[in-house]
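Visitor: Sequences are here, hints too, so could you generate the full structure?
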Amino acid sequence: MPADRKPALLQGSLDMLILQSLKKGARHGYAIARSLREVSRDFLQIEEGSLYPALHRMEQRGWITSHWGTSETNRRAKYYELSPAGRSQLKTEAEAWRQMSTAIDRVMGFQT
Amino acid sequence: MAALTELFHWGSWTWRAAEVVDREIDEEFDFHIDCHIRELIDAGMTPEQAADEAQRLFGPRDRLHRQCRAAVYGRGVWLTAAAGLAMLLSLGVIGWLASQLNQAQRQMANLQLLLAAQKPDGQQNAAADKHDLIGEIRDAHQKPVANAKVLVIYKSWPNDRYRQQAFQQTSDKEGRFRFRQLYSTSTQTGFLVTVLAEGHTLQSRYVLNPPQVSAKPFQFQLQPAVDKTLVIQGPDGKPLADVPVWPGSRKPRGSEDDHLMYDHSGPDAGYRTDKAGRVRMTLFQPDDAVELRLSLNQMTEAIRFTVDRTPEQVIGIASQSGVQGSVVDSSGQPIAGATVLLIHKTWPGGRFQQRPYKTETDAQGRFRFANGNVTEDYEAMLVTVVKDGFSFQSSYVIKDEGKTEGPFDFRLSPAVPKTLVLRNAAGQPLANATVALSQRKDAQDREHLVYFISAPSVSFQTDAGGRVTLNHFAAGDQVELYRLNGDDADDIRLRVDDQPEQVVEVQR
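Respectively, the protein sequence lines represent chains V and A.
Under my numbering, the residue at position 99 of the first sequence is numbered 203, and the numbers go up by one with no gaps.
Under my numbering, the residue at position 56 of the second sequence is numbered 74, and the numbers go up by one with no gaps.
Heads up, some of the hints might be wrong.
[Unchecked claim] Here are the simulated distance ranges between beta carbons:
1. Gln164/V to Asp245/A: 45 to 51 Å
2. Ala200/V to Arg327/A: 35 to 41 Å
3. Arg156/A to Met204/V: 43 to 49 Å
4. Lys127/V to Asp44/A: 24 to 30 Å
Hints listed in this document are in silico derivations from the structure and should not be mistaken for laboratory results.
For each residue, glycine too, the CB sits at the ideal point set by N, CA and C.
Guide: Below is the structure:
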């Protein structure tokens with residue numbers, strides 16, 4: 105793959121990124137999408153709508169909770185926030201990611 | 019036959035409940051796409067280009083909607099709804115339908131919360147049921163803690179507007195407290211309960227959408243706190259005397275739990291510095307990360323510190339930063355005496371909190387809100403400028419990941435005086451009604467806002483003929499106003515025409 109083509113998001117990592125994005129406070133879906141875009145400096149190209157099935161799925165699992173609130177434009181918006189179970193899940197997933205990326209780096213020879 | 023009828027009603031009801039979820043998913047999608055369209059227009063696209071691009075980046079809506087629905091329900095409820103109708107045509111599916119019905123019943127508990135937030139015909143469901151909030155406070159030895167201050171922040175969303183109310187009580191000799199008929203379970207609500215008892219650690223508990231059963235009391239077990247006197251200094255190093263203070267948050271070392279007190283409850287805490295800037299506050303343990311809040315010059319300041327092991331600890335406000343800016347007219351001349359409203363949004367401990375502030379521009383058209391070193395990693399600010407004779411303007415900034423706020427510089431355009439004649443649906447004038455600014459969409463499609471919480475600061479009264487003259491809009495603006503009604507409001511929508519007087523019917 106040419107170096108200038110941005111890779112698709114690795115399967116299973118979207119949940120972790122969403123949980124991380126919520127770590128600093130409640131956000132609505134659009135704010136989450138924008139945060140992921142901005143913090144990754146546009147490297148992560150995510151189909152924005154795919155956030156919502158992930159959010160609903162994580163809510164069913166109890167990792168996040170939701171409530172309807174008022175947005176910055178005074179419109180009704182659905183906000184999501186991390187639950188204690190979600191914080192714990194984020195730690196687990198982040199650690200798993202770290203271990204996997206370290207192992208891959210070693211195989212590729214990026215570190216000794 | 020009765021069973022078939024029951025099943026038909028069940029299937030119909032389940033289908034209607036699924037419609038609620040569908041509608042909410044659609045509302046969420048619409049909000050997202052609208053936000054993105056707005057951003058793309060600001061970046062220079064035409065509205066048509068922005069709409070196309072936002073839809074493209076969002077993805078195929080139907081597929082995403084099905085995926086959301088599947089995530090909420092699984093497939094069982096939809097099969098049950100379809101089977102309810104199929105049952106009428108064929109007795110052969112009864113046995114299969116019975117098993118599907120069992121699964122749908124388990125989903126009922128989830129549906130009830132969603133239905134409670136639903137607004138049929140734009141009106142909030144009435145909170146017909148009210149429950150007491152009860153609790154018990156004990157110390158580390160399980161002994162009751164009497165005379166503890168119990169501060170409750172009650173959050174609700176009547177007519178989709180966030181509302182926050184503060185209540186307080188003192189625990190009795192058994193360590194118990196009760197707030198009678200405080201909350202409803204049929205509408206969306208949340209509350210923060212904070213317990214303050216000198217000699218014991220500050221604790222709080224946050225509940226969103228409290229469960230149906232209100233009989234179970236809140237249990238607080240407080241740990242012993244260290245004896246502590248805080249000496250509070252200003253940025254110049256001098257003690258801050260006679261200043262109300264309260265603990266905004268306490269995070270024990272090694273814990274992810276934040277114990278909070280909202281500013282709304284702050285003055286009820288009853289702490290105040292003496293002449294030497296001292297205040298005794300025995301609410302913490304060593305190594306707790308604390309944010310102390312102060313009410314200073316009608317503003318709220320904050321000091322973050324870690325509790326040490328000394329009986330007296332000096333803490334101070336760092337050099338001040340703040341939200342600041344300027345207001346000028348279209349020729350660049352400063353506008354003095356303009357009302358400047360600030361909504362400061364933060365999420366301490368992950369809980370949404372918004373605080374309103376108000377100030378005025380000085381003779382040079384400058385303004386400043388001193389928010390001290392209250393910096394969260396993520397916060398948002400809405401600044402609105404209102405001055406008679408000028409079209410009001412607002413600016414919204416999200417401070418995230420190191421971005422700074424402001425300065426907020428405004429250039430106001432002239433307004434056209436407009437007399438509104440407010441009438442009710444029967445055509446009668448609304449005399450002595452209170453009307454406040456809410457929203458203005460200008461010719462460039464930009465929205466300028468005043469949040470409901472700030473509305474009383476920019477409100478006006480109609481006369482006996484239902485007339486009120488406002489000088490805050492330009493011709494062609496699409497305007498929304500609040501007609502304030504106690505803690506609630508009706509929305510008034512109009513397009514400002516070029517006539518000096520305009521009749522407006524206020525719907526309830």
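Visitor: All the hints need checking, so say for each whether the structure fits it.
Guide: Okay, the hints, checked on the actual structure:
Judged by the Cβ atoms, the range 45 to 51 Å given for Gln164/V and Asp245/A holds: they are separated by roughly 48 Å. Evaluation of the 35 to 41 Å hint for Ala200/V and Arg327/A yields a pass: the beta carbon distance comes to about 39 Å. Judged by the Cβ atoms, the range 43 to 49 Å given for Arg156/A and Met204/V holds: they are separated by roughly 46 Å. For Lys127/V and Asp44/A, the Cβ-Cβ distance of about 28 Å falls inside the hinted range of 24 to 30 Å, so the restraint holds.
This entry satisfies every hint, going by the numbered hints stated previously.
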